[in-house]
Structures are given as C-alpha cells and as structure tokens.
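Undergrad: For reference, the chains in residue letters:
There are 2 protein chains.
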Amino acid sequence: MLENTERTELSTLGEFGLIKHLTQFIEIANESTVKGVGDDAAVIDYKGKKTVVSTDMLVEGVHFDLAYMPLKHLGYKAVSVNVSDIYAMNAVPRQITISLAISSRFSVEAVEELYSGMMLACHKYKVDIVGGDTTSSKSGLIISITALGEAEENDLVYRTTAKEGDLLCVTGDLGAAYVGLQLLEREKRIFMESPGVQPDLEGNDYIIERQLKPEARKDIPVLLQKLDVKPTAMIDVSDGLASEILHLCTGSETGCNLYEEKIPIDPAAYNTAREFNLDPTVCALSGGEDYELLFTIDQSDFPKIKANPDITVIGHMTHKKDGVNLISKAGTSVALTAQGWDSLLKK
Amino acid sequence: MLENTERTELSTLGEFGLIKHLTQFIEIANESTVKGVGDDAAVIDYKGKKTVVSTDMLVEGVHFDLAYMPLKHLGYKAVSVNVSDIYAMNAVPRQITISLAISSRFSVEAVEELYSGMMLACHKYKVDIVGGDTTSSKSGLIISITALGEAEENDLVYRTTAKEGDLLCVTGDLGAAYVGLQLLEREKRIFMESPGVQPDLEGNDYIIERQLKPEARKDIPVLLQKLDVKPTAMIDVSDGLASEILHLCTGSETGCNLYEEKIPIDPAAYNTAREFNLDPTVCALSGGEDYELLFTIDQSDFPKIKANPDITVIGHMTHKKDGVNLISKAGTSVALTAQGWDSLLKK
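Quick mapping for you: the protein sequence lines, in order, are chains A and B. Sequential numbering from 36 applies to the first sequence in our numbering. Sequential numbering from 36 applies to the second sequence in our numbering.
A hint or two may mislead.
With a Cα cut of at most 25 Å, we get these calculated DMTMM-like pairs of lysine to aspartate or glutamate [said to hold, decoys possible]: (1) A:Lys253 / B:Asp80; (2) A:Lys70 / B:Asp80; (3) B:Lys70 / A:Asp345; (4) A:Lys161 / A:Asp345; (5) A:Lys198 / A:Glu220; (6) B:Lys223 / B:Asp333; (7) A:Lys173 / B:Glu147; (8) B:Lys248 / B:Asp208; (9) A:Lys84 / A:Glu188; (10) A:Lys173 / B:Glu50; (11) A:Lys223 / A:Glu188; (12) A:Lys265 / A:Glu144; (13) A:Lys173 / B:Asp208; (14) B:Lys84 / A:Glu62; (15) B:Lys82 / B:Asp100; (16) B:Lys173 / A:Glu199; (17) B:Lys265 / A:Asp80; (18) B:Lys70 / A:Glu237; (19) A:Lys55 / B:Asp274; (20) B:Lys161 / A:Asp80; (21) A:Lys161 / A:Asp254; (22) B:Lys261 / B:Glu66; (23) B:Lys173 / B:Asp80; (24) B:Lys70 / A:Glu188.
No lab work stands behind these hints, which were simulated from the structure alone. In this text the structure is predicted, and so the values were computed from the model without any measurement.
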C-alpha cells in the first residue's frame with residue numbers, strides 16, 4: 036500500500052539517527068512544553084493545573100492490519116485514540132510521547148509515513164511530541180503513545196460521578212467504525228483471492244474514514260462549556276457503547292435504561308450493516324472504535340443541549356438495583372451485560 | 036524458569052479482568068496522585084512544580100531473553116530503567132503508566148510474576164502505577180512504561196548545560212551489566228547444548244544482579260543536595276559511557292577528555308571481562324545498562340564530592356574544538372566517537 040518507491044533500510048540510520056530524522060521537524064505549539072525531545076525526559080509546566088495522563092498501545096495484527104490500513108492513517112489514528120481519553124476527562128491534551136517497536140521489514144520511508152500521520156494529528160489536536168523511544172521488534176509494528184493534558188480541578192469529569200436521574204448522552208453516531216472494518220476486511224479477502232480486482236469502497240467514504248481516520252471529539256469540551264453544561268460523568272467510546280455504559284454504571288454505582296431507538300447510527304452505516312447481515316444496534320453496542328464521548332448530565336441541563344445536532348440523549352441513569360437495561364424498539368427490556376449483546380447477535 | 040506450576044490462560048480473565056486482577060493491590064504512595072487506575076486518564080497534582088516525563092519500551096528478543104531473565108526481575112528492571120531517566124533530570128519520579136502486549140504463551144501466573152516485580156520496584160522508588168494498557172501480541176512480550184515525576188524549576192538538570200572546565204563525574208561502577216550479560220549468554224549456550232548442566236554463576240552475584248536487577252540511582256539527587264552540589268549537566272548511563280559522554284558534549288557544545296584509568300570498574304567485572312577476552316574499558320564505554328548517573332560539576336565543587344566513595348571524577352569538559360577524547364592508560368589520546376571503541380575492541 037505504500038506509495039513511496041524508495042527504500043532506505045532502518046539500519047542505515049541507527050536508533051539515534053532515526054530519532055533525529057523523525058523529530059527534526061517537530062514544532063512546539065504549547066507554552067506548557069518547557070523541554071521536548073532530546074533529554075532524558077521532557078519537562079512540562081502546567082502552572083498549577085492538574086496533569087492528566089493516559090496511555091494506549093496498538094499492536095500490528097491485533098489492532099490494525101497494514102493490508103488495508105495506510106501507515107499515515109495509522110499514525111493519525113494512534114494519536115487520535117490517545118487524545119480522545121484526555122478529552123473524555125474534559126481536559127485539554129498538550130503533549131504526547133511516542134514509543135515504536137519496528138521490524139526490519141519497514142523502511143525509513145515507511146516509518147516517515149507513519150510519523151507524518153502522527154504529526155498531522157498532533158497539528159490538528161495541537162499537541163507536542165515531547166519524547167519517545169524507538170527500538171527494533173522481532174515481528175511487526177507496535178505503537179505505544181502516552182498523552183498528557185491539563186485541566187483545572189473543577190473542570191475534570193470522571194466516570195464515577197453519574198447520579199440516578201441523569202440523562203445519558205452521546206456525541207455523533209455509533210457503529211460506523213465497526214462496519215467500516217467489515218468492509219475493509221471483505222475487500223481484503225476479495226483482493227487475496229483475485230489480486231487484480233480493485234477495491235469497491237465507493238459511497239462508503241464516511242464509514243471507511245471512521246475506521247481508518249477516527250477523530251477525537253476536541254470540539255465537545257469547548258461546546259459543553261459554551262452551552263454552560265458540565266457533564267456529571269464522561270467516558271469515550273473505544274470498546275463499544277455497551278462496555279462504556281457498564282463502566283459508567285459500575286463506576287458510579289447506578290443502573291441505566293438505554294433506548295435502542297435513540298442510538299444514533301449513520302444511515303449509510305445502518306444499510307451497510309444490513310448488507311453484512313449485522314444488526315446495526317449490535318454494531319453500535321459492541322463494535323467500538325467510534326471515539327465519541329458518552330456522558331451524563333443533570334436533567335435540568337436538558338434544555339441547553341436538546342437542540343444540538345451533535346448530542347443525542349439515549350437514556351437515563353437509574354438506581355443501581357434496577358440494573359443496566361437496553362429497552363428494545365419493541366419495548367422489551369434486555370439486561371445489558373458484557374455478553375448482553377451476544378444474544379442480540381444471534382437473533 | 037517460572038516457579039509457578041499453575042497455569043491459568045489469559046483468555047479466562049479477558050482484558051478488563053486481567054487489568055482488575057493485576058491492579059487490585061495497588062496502593063497509592065504519593066499525595067500528588069489524585070486519581071490512579073480506573074478512568075480514561077489518571078490525574079496528578081504537582082502543585083505548581085514542573086512535570087517531568089520519560090518513556091521506554093522493552094521488547095522480548097531485543098532487550099531481554101526470558102531464557103535467563105526471570106519475569107519478576109524483568110518487571111523490576113522495566114521500572115528501574117524508566118525512573119532512572121527521571122533521576123537523570125534531578126527530578127523525583129512519582130507515577131508510571133504500564134502498557135503490556137502479551138502473547139497467549141504467557142499465563143496469568145506469568146503476568147502476575149512480571150507485575151509483582153514492577154510493584155516491588157514501584158515500592159522501592161515510591162512511584163504509583165496510575166494507568167496503562169493491556170493487549171495481546173502476536174509474538175512475545177512488549178513492555179512500554181512512561182514515568183512521570185516532579186521538580187522545582189531550579190532543581191532541573193539538563194544534558195545541554197555543561198561548560199568548558201567542568202569536571203566529569205560518574206556514580207558507582209561501569210561495565211558490569213554487560214559482563215553479566217556475557218555470563219548469562221554463556222550459561223544459556225551451555226544449557227542449550229547440555230540441558231542437564233546447572234548454571235555456574237557462583238561468585239558472580241554482583242555482575243549478574245547488575246544485568247538482571249539494575250537499580251536506578253535514587254540516592255544520588257538526595258546526596259548531591261546534601262553535599263550542596265548542583266550538577267551543571269546530567270544524563271543516565273543506559274547505552275554506555277561513550278554514547279552518554281557524546282550526548283553531553285553534543286548537547287552542551289563542549290569537548291571532553293576522559294581518562295581511561297579513572298573509569299570505575301568493579302574488580303569482579305574486570306576479571307570476568309578478561310576471562311571473556313573483553314577489554315574491561317570497552318565494556319564500560321559501550322556495554323550500557325549500568326543506569327549510573329553521569330554528570331558534570333563546576334570545578335569549585337570538587338572539594339564537596341572528592342571524599343565520596345560513590346562518585347568518581349573521570350575527566351573534564353574542554354572546548355568544543357578540542358574534541359571528545361579518551362586518554363588511555365598509556366597516555367595516548369583517542370577520539371571517542373560512536374565507533375571510537377570499536378578500534379579498542381580489536382586491540
């Protein structure tokens with residue numbers, strides 16, 4: 036999939052050479068970055084604000100398949116999924132460190148592609164690359180990113196502070212990233228069987244992009260502040276709606292009623308899911324990788340968000356003893372457990 | 036090498052189960068840890084001090100060989116090498132995040148062993164595990180740790196601020212970790228050829244421990260403060276003395292004269308190196324993994340450190356145009372480049 040035709044072996048640069056080569060164009064965008072790449076450690080000055088830190092690891096063959104994932108997109112995605120966790124704390128990401136383990140089947144040009152995607156995302160989210168580690172791997176590519184951000188104590192939103200009666204809201208739409216993955220895997224199978232066939236992804240731009248180039252919801256903390264709404268709890272949707280709701284409920288010791296008919300699903304994703312004989316609701320509940328924000332608000336804040344096209348109320352928090360339930364379109368209540376959607380999948 | 040005889044498959048716990056299982060005994064030791072494991076991100080409050088952050092990745096087959104590296108030691112080492120970078124900034128490590136990619140050949144018990152070593156080191160260095168990621172790997176074990184620490188701005192020591200005339204000092208002794216590795220690899224070869232033969236590592240405890248269970252110099256920033264010495268520049272010795280001196284000189288735009296006869300080498304390491312037909316000086320220059328601190332001080336501070344058995348003056352910084360030189364025991368001057376010691380190796 037690489038467009039670069041040149042191939043420079045990693046061994047020609049060595050570890051320090053590669054790091055120098057990759058980091059030479061880094062520009063620091065944040066005042067809080069006192070010292071970036073180049074010393075034993077980076078130095079950051081949040082001037083009394085809280086430091087927020089999150090980390091994620093992406094492993095080739097587990098989290099991505101380079102047969103359909105261009106390296107530049109992969110780099111972009113690796114940064115997006117990390118800063119998403121910082122936004123989910125209602126904090127502002129400022130710095131990241133990047134560790135890469137790379138096998139010798141990757142060329143310098145390939146690593147440059149990966150890095151250019153990371154730098155693009157850093158520019159988008161205005162975060163500085165302040166450190167990292169680069170090493171060889173016996174097989175495949177492993178990316179580990181740690182994102183740091185800042186927040187005033189009063190702005191932070193945890194996943195443990197939802198209360199009974201709160202409205203459950205989600206941004207954007209859900210399930211498309213998973214449907215996109217199905218599309219890409221189908222085209223890969225077809226390509227493996229008939230290498231001459233061009234992939235047929237037309238009309239599926241949005242779905243494919245949700246999988247290959249997810250965006251973190253940088254806009255939502257800003258929007259919520261503008262609307263004068265502070266969520267009572269918040270989490271990002273990385274593992275699927277069901278899993279995240281269960282995290283909120285377990286953390287906050289509440290129950291929840293989730294209404295199937297309210298779950299926002301993009302029409303193209305809905306139709307493509309159907310083509311694959313997948314239940315679109317199941318894709319939203321368990322697909323994951325949407326990187327939308329799931330949050331709860333006090334009922335009194337409903338008027339402030341109800342007109343916003345980016346936010347959908349999908350349920351409400353209940354007493355713990357009432358459990359975590361999916362209310363289906365037919366009006367039946369199904370307990371939403373980590374396996375809850377397995378039964379849906381089989382219907 | 037595992038002592039545990041039970042084997043619980045990782046799949047029986049799942050990702051969240053494994054994280055919960057591993058993190059259940061975490062105790063928070065630092066006031067600055069506001070929120071540890073369990074949310075989208077950890078929250079830290081350094082109360083206006085600077086945040087210092089460093090990251091390292093350890094890859095099976097590249098950085099360690101489980102044929103002779105017990106998992107508990109590996110866990111300990113993974114934490115040590117990370118906090119070492121924080122001490123090298125003259126800062127205090129406070130928190131770490133741990134990301135693991137683990138193949139299915141590891142059992143839950145094996146991961147527990149690894150984690151117990153990490154927790155032991157965390158206890159030793161008084162750092163809190165505040166987050167991480169756990170994922171599967173297609174092959175082998177990958178550990179990525181990010182260490183965070185705090186420092187007052189005036190206490191921070193960079194590698195770019197040494198000046199001409201400064202004395203070059205190093206803590207402890209050098210080269211033993213590399214000699215330890217040679218010993219372990221020899222015993223592995225013997226074991227592979229004759230599996231019945233017990234490893235002969237007697238009398239080499241110190242050397243072996245330097246390789247398997249390195250300690251970060253937590254005591255040195257405290258000692259220097261007690262001695263009222265602030266280094267003009269500092270770096271930790273992870274890649275070997277030569278490489279670190281070159282980093283100091285490049286960063287600080289100075290030259291350096293390093294005196295071979297001054298380089299502190301443990302007598303047992305010296306003798307064992309000789310047994311392997313290795314030049315002990317080369318082991319110190321290029322062996323790496325010593326995790327000692329290399330620093331420069333103003334000449335006027337010499338009386339304060341000269342009586343200290345833990346600190347050895349090994350050279351002095353010169354003008355950039357004078358280059359970076361190793362003055363051999365015979366009095367000849369050899370340019371110390373990244374390949375400088377290659378010529379020594381062949382002598």
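Undergrad: Look at each hint and say if it fits the structure.
TA: Consistency of the hints with the structure:
For a cut-off of 25 Å, the pair hint linking Lys253 of chain A to Asp80 of chain B stands: about 23 Å separates their Cα positions. Pair hint Lys70 of chain A plus Asp80 of chain B holds up; C-alpha atoms about 19 Å apart against a cutoff of 25 Å. Restraint check for Lys70 of chain B and Asp345 of chain A: the C-alpha separation of about 29 Å exceeds 25 Å, so the hint is violated. Using a Cα cut-off of 25 Å, the hinted pair Lys161 of chain A and Asp345 of chain A holds, with the two alpha carbons roughly 22 Å apart.
Between Lys198 of chain A and Glu220 of chain A the CA atoms are separated by roughly 41 Å; this puts the pair beyond 25 Å, and the hint is violated. Proximity of Lys223 of chain B to Asp333 of chain B is assessed by CA-CA distance (about 46 Å); at most 25 Å being required, the pair is judged violated. Of the supplied pair hints, the one linking Lys173 of chain A and Glu147 of chain B holds, its CA atoms being roughly 24 Å apart against a limit of 25 Å. Restraint check: the Cα-Cα separation between Lys248 of chain B and Asp208 of chain B comes to about 15 Å, which is no more than 25 Å; the hinted pair holds.
Pair hint Lys84 of chain A plus Glu188 of chain A holds up; C-alpha atoms about 7 Å apart against a cutoff of 25 Å. Pair hint Lys173 of chain A plus Glu50 of chain B holds up; C-alpha atoms about 24 Å apart against a cutoff of 25 Å. About 47 Å separates the Cα atoms of Lys223 of chain A and Glu188 of chain A, which puts this hinted pair outside 25 Å; it is violated. Between the alpha carbons of Lys265 of chain A and Glu144 of chain A the distance comes to roughly 45 Å, so the proposed pair goes past 25 Å and is violated.
A hinted pair counts as satisfied when its Cα atoms are at most 25 Å apart, and Lys173 of chain A with Asp208 of chain B does not qualify at roughly 32 Å. In summary, the hint linking Lys84 of chain B to Glu62 of chain A is supported, as the alpha carbons are separated by about 24 Å, within the 25 Å threshold. Between Lys82 of chain B and Asp100 of chain B the CA atoms are separated by roughly 41 Å; this puts the pair beyond 25 Å, and the hint is violated. Restraint check for Lys173 of chain B and Glu199 of chain A: the C-alpha separation of about 43 Å exceeds 25 Å, so the hint is violated.
In summary, the hint linking Lys265 of chain B to Asp80 of chain A is supported, as the alpha carbons are separated by about 21 Å, within the 25 Å threshold. The hinted pair formed by Lys70 of chain B and Glu237 of chain A fails the criterion: a straight-line CA distance of about 46 Å is larger than 25 Å. Distance hint between Lys55 of chain A and Asp274 of chain B is fulfilled; the C-alpha atoms sit about 17 Å from each other, no more than 25 Å. Distance check on the hinted pair: Lys161 of chain B and Asp80 of chain A sit about 22 Å apart at the alpha-carbon level, within 25 Å; holds.
The suggested pairing of Lys161 of chain A with Asp254 of chain A holds, with an alpha-carbon distance near 13 Å, which does not exceed 25 Å. About 24 Å separates the Cα atoms of Lys261 of chain B and Glu66 of chain B, which keeps this hinted pair within 25 Å; it holds. Restraint check for Lys173 of chain B and Asp80 of chain B: not satisfied, since their Cα atoms lie roughly 37 Å apart, outside the 25 Å limit. For the hint linking Lys70 of chain B to Glu188 of chain A, the alpha-carbon distance of about 12 Å falls within 25 Å, and the restraint holds.
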